[in-house]
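Novice: Okay, here's what each chain looks like letter by letter:
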Amino acid sequence: MHRPSRRRLLLAVMAAYCSSGGLASANATQNRSAKAEPGHLLHFPRDHGSHPAFRIEWWYITGWLQDQDARELGFQITFFRARPQLPAGNPSAFNPEQIIIAHAAIADPAQSRLIHSQKAARAVFGLAGASENDTKVWLDNWQLNRRGSGYESRIETPELALNLQMNTTQPLLLQGANGYSRKGPGADAASHYYSVPHLQVSGALRTSGVFREVSGKAWLDHEWSSAYLPETAAGWDWIGINLDDGGALMVFQMRQVNTQQPLWAAAKLREASGNIRVYTADAIRFTALRLWQSPRTGTRYPVAFRVNIGSLEIELQALMDDQENDTRQTTGAVYWEGAVRAFSKGKRIGSGYLELTGYGRPLEL
Amino acid sequence: MNAAVWHALVSGPLRAAPGRSLLAVVAIAIGVALGLAVHLINASAAGEFGRAARQLAGEADLVVQGGRTGFDEQLYPTIAKMAGVVAASPVLEMEAALHGRRDTLKIIGIDALRAYALQPQLAGADNGARNALFDTDAIRLSTSAARALDAAVGSTVTFKVGMKPLPLRVVEIIPDASYRQHLGLMDIAGMQWRFERTGLISRIDLRLASGIDAETFRRQLQTQLPPGVHAVTPQTDSERGLAITRAYRLNLDMLALIALFTGTFMVFSSQVLALLRRRTQIALLRALGVTRGTVLGWLVAEGALLGLIGGLIGLGGGYLLAVQAMALAGADLGADYFRNLNAELIVEPLTLLAFLGLGMAFAIIGATVPAWDAARRQPASELHAHDDDDTLHRPKWIAAGLATMLTGALLSLLPPLGGLPLAGYGAIALLLIGAVLLMPALTGILLSPAKLTSVPALELGLAQLKATPRHVAISVAAILVSFSLVVAMLIMVLSFRQSLDSWLDQVLPADLYLRAAVAGETAVLSPAEQQHIAATAGVASVAFTRFQSLLIHADQPALTLIARDLPGEDVSRTLPLISPPATLLPDSPPALWISEIAAALMDWKTGQTVTLPVGGTARTFTVAGIWRDYSRQNGAAIVSRDLYRSWTRDHSANDAAIRLSPDTTAAAAEQALRAALPANAAIEIVSASTIRKISLGIFDRTFAITWALELAALIVGLFGVSVAFSVQALARRREFGVLRHLGMTRGQISAMLAGEGALTASVGALSGLAVGTVIGIVLIHVINRQSFHWSMELHMPWLQLLVLFTITAACASATAVVSARSVMRSDTVAAVREDW
Amino acid sequence: MLSLSHLHKTYPGPAPRSILQDINLELSPGDYIAIVGDSGCGKSTLLNLIAGLDLPDSGSVKLHNREITGLDDNTRTRMRRRDIGFVFQAFLLLPYLTVLDNAALTLKLNGVTHREAQSKAYAELSAVGLTEAIHRFPGTLSGGESQRVAVARALAHEPKLVLADEPTGNLDADSADVVLRLLRERVKAQRSIGILVTHSSAAAATADRIYRLHHGALHAA
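Residue numbers (our numbering), protein chains in the order written: chain A, 52 to 416; chain B, 900 to 1735; chain C, 132 to 352.
Just so you know, the hints here were simulated from the structure itself, not pulled from any lab data.
There's no promise every hint is true.
Claimed, not checked - Mimicking DSS-like on lysine-lysine, the simulated pairs with C-alpha atoms at most 27 Å apart in a straight line are:
{"#": "1", "chain 1": "C", "residue 1": "Lys193", "chain 2": "C", "residue 2": "Lys319"}
{"#": "2", "chain 1": "A", "residue 1": "Lys268", "chain 2": "A", "residue 2": "Lys86"}
{"#": "3", "chain 1": "B", "residue 1": "Lys1365", "chain 2": "C", "residue 2": "Lys291"}
{"#": "4", "chain 1": "B", "residue 1": "Lys980", "chain 2": "A", "residue 2": "Lys187"}
{"#": "5", "chain 1": "C", "residue 1": "Lys291", "chain 2": "C", "residue 2": "Lys319"}
To be verified - To be clear about the criterion: a stretch of chain A counts as covered by chain B if any three or more of its residues have a C-beta under 8 Å from a C-beta of chain B, and this derived list gives those stretches:
{"#": "6", "stretch": "165 to 174"}
{"#": "7", "stretch": "225 to 235"}
In this text, a Cβ means the ideal position worked out from N, Cα and C, and glycines have one as well.
When you get a sec, could you build the whole thing from the sequences and use the hints?
Specialist: Rendered as structure tokens:
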């Protein structure tokens, strides 16, 4: 059994959906997937929307919230779009040309473990879909829309509810080179990728049947690709931090299969002044400070990290240890995705999300 | 004291003559075993059916469904978006024809991502299956389906769509724990495409938001559904499926109960005779101060003991029987109701207890009547009397017997209760009981004119029978009960078979029948193929048929709509009409010819205007006539295919009835037809005579279990005779001794006994013939009509009855001789001097 | 003519018991004798040997010069049917036959037609004074009446030999007298040989001669 991360899982699911053995012949299948190209420039608002020619795409919002009693909570809302590889010519209205998958999670230290919910559906009959014009993606009554000066999202399930307005306070942050983000040493694995940090959040949420007014800060990633993970990668560590001074930091590293040694890494820091600093793999080092073992899966996750980026040294501490996301029920994946505080020289400098994937048994495609 | 009474009254005699009790025990055991076996199989099948229906419905609160043809998929988003609907899972379901095989596989097409919310087991258990989630050429099989098709992961199962083969790759075997039925699972999009059902779904499973009342929602939803589509609860769904089989299962239960009834009769007769023999002992005990209640109590306890032993043996036997029968004939005992089921025998302790209790209760009833009689006698007169005193006593049960039979006859006129012919079964029971009550008097009446003065042995036998009507009546009644039931079944089944035979003649007027596939809904003939068939050399004329299924009421099984070419001929002459057809006025709605089952289920009459949902639209028809149909148990209606095509634009056909030109042979025509159709079409071409043979074969198979139960009843009846005779033989030892003294040879005594046996059997069988004919008529006109809604003509199978009569009389004679042989072997000479 | 010579009978078993030793007896038609003895002295065994119901270990039984010990069961049965009449202590009438039919039974077994059998039986019944009762069933008769029917049955087919085994054992003294008188009368009238087995000396006294069976041996008393 494999336990890929959510992103990784998506890839696995995509690969699974797409590599169905019965349709070996390439010309029997739909058009080939589009490829992320280095020179390609992003155009907005078009590129806020969906890119159905690419095999995978996600809108990924993570953030910190405070309720009326100033209790801190983490939240995460994700909409994935995936394009399975299918034989051409199926006239069925149920033909799953696009799949929409959505996850939502709330990290509440009072609950000591994640409250989460998930859904998946084929984009048919208008019951689920993603607009190509602007950010507008929905799955039944779950939705994420870009409207006016920000985003709004509604999630409604028996376990949890989120109804959030997220206003833009800063310009888009194009990751990589003008939004072209390489994921490994080779040029085959890459995506188009931009972030929207410092989203000002207000709204309400419900956990355990209790509604709470909340406000806080969030980070949105929008990324699309047809070849995301280098073949030799086991998983990755990713962080996105809204710095208290207005800066925004994104760092990720890909780890190798078996050795778990760094394979590739990249970071981008936009300082409060708007000055952008780019770091490459040789300037980035992740050091695990503390491991937490999941009582459910037995997997050990480094829930406290020291990250050295050039001269910058940041320590990350989890809002709570148990932010393991168990989605085996639907997708077979277990990973750690959690709210973290960032410290520098003992002083809190920001807050954001850490994603740890591939720490379970070795991944397999 | 009690131990002494027990010994004197029960255990002593039991030990002295264990054979008699053994037969009573065996009879009870057979009754309990048959009853339990039939019940276990029925309960397992019904339980499995319900379980399967529940599993398929998963956690759905409501199911929206149409006939087997399905309905427009656009209903799915409409319903999914309704307020109150939390989850909606679309399903496409069909019986797919297997290429090159005679059977079908039920395939369920799902949207796994949607189905997950309602049926988690469907989502796929392993990665291999998940990898093929949207694979249009993949199928997942239940374990039992894989076993039946001899398929494994990676192998290919080929279906038949239209005239073409469709190979699908097996990507997963679903564990037994999830689905025990025979079924395959596909992606709904792949299934719509590969099975050419684009745009159609057959079901939407719904889960409602908590707090919403399912029934209120269902009623409100129903008003928005197109004709022929119904919103039902999963319970209704599974009950509707079971309802079809309810009457059939009740019939089997009743047959099994009859065996137990015969067993009771055995206990009764053996106890009557045993107590006659023990009368002196009983009288002695009474004289010694044992109370009447104590005697009664112990004798009833003896019956209970026999019942307990027989019951325990019966439980074991019944279980083994059920296992064997399930393995041989399947959970429906050959009736083809639960074809997709793969039931396991479910044994609940309570069921076992109930059957043990039933066996004991019946044994106690059988023992109580004679025990009461024995306990009530005056000890003083009994001590000096002997066996023979009682024999001239004339029973006075004539009035009671006539009244019981009359009540039975009246009961048979009552309508069904809850769809079941309960009054009819009550009528049969009363007819039997009444006949048994009449037996002593009737035996005397039947025997009185008989004179056999020329052969002393037979004269003696006859005299003995005439003089002991009560003894004889017991044997006669044992034969009457079993024989009349066999006669009734024989009359019913053979009438049915005869009616089926002549019905087949009427409904198979053509020379050849071409079917797109033996079974299943997926194989059809396209318009082009239909033209090829019509143009084939040797084909004089051809009529095509298209089958559809229509769900008319939510709680009734779907009706078969038969769209048939009716080229201007007089329909009333080609259909086996059971009543004169209606005359349609020029402006009345088009003609609809309904089967009598449809007429009964829908309560439609000739000439009535009715509405059917054809192709998703409500259409109005005039019921032009009612025809007999033995093949579609849920009802059928025939409509002109021209009309059907103009309404639905469905130009395909399932069957073709072909008349050949006189200069062609069937073989040549078949060859030409196969050449005219795609090479690998795997169509079936059969002659009318083959269809007839197959149909009658199915009929005979269906009734095989019935015969087995009847045979058991007859054997138990003969047991009863043998007990009666052996006890009598024992009681008549001294008489045999006298006869030997007087110069009768052993052969003459055997002949006397054989004569007595034959006479007893003849009287029993003759009365059984009369009662059985009446019961047979009740079976035909009440039980069958109320259970299955079909009619048939009474047909008396004289030859079979004569053979059965002869066999029964011969068996009874042989039984009488064999029963007496052991007595004859002992020293009958000394018996004349036995002190008593 | 009945002739018994050197009859021996021993019952086998773990301890073989000699029942009869060297029995010799010659009787002519019209002889009417009584055999007396204690219970278990072998009276019944002797009767069974005479009637061909049992076979001796050695010795011979001749009835009218026909040796019956060498015959098969069916032949002995036919001989019994034709030549022997029985009267039992317990009457042993067939309960399901009328008095007339009981008396006619042996005749019918001998192949006499129904009509003739009935008329002969009627004659015999009238000889024992029971014409009133011919259509009654045995269950309705008194003991004396029953035994008179039995006498009629034993003599209706005019047997050469009549064997009466304790015929008065179940009867009161008056009835016993009547039965003994009728029995003697009918045997004498038909010139049969009559053997009366009894332990009643009063009954034995009605015979021409009395024999005592003692320790397996027969002595003239």
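Novice: Are the hints correct? Go through all of them and say.
Specialist: Now the hints, each set against the structure:
1. Lys193/C - Lys319/C: Between Lys193/C and Lys319/C the Cα gap is close to 21 Å, so the pair holds against 27 Å.
2. Lys268/A - Lys86/A: Judged against 27 Å, a Cα distance of about 33 Å means the pair is violated.
3. Lys1365/B - Lys291/C: Distance ~34 Å between Lys1365/B and Lys291/C Cα, so the pair is violated.
4. Lys980/B - Lys187/A: Roughly 18 Å between the alpha carbons, so the hint for Lys980/B and Lys187/A holds.
5. Lys291/C - Lys319/C: 11 Å, holds
6. 165 to 174: holds (count 3)
7. 225 to 235: violated (count 0)
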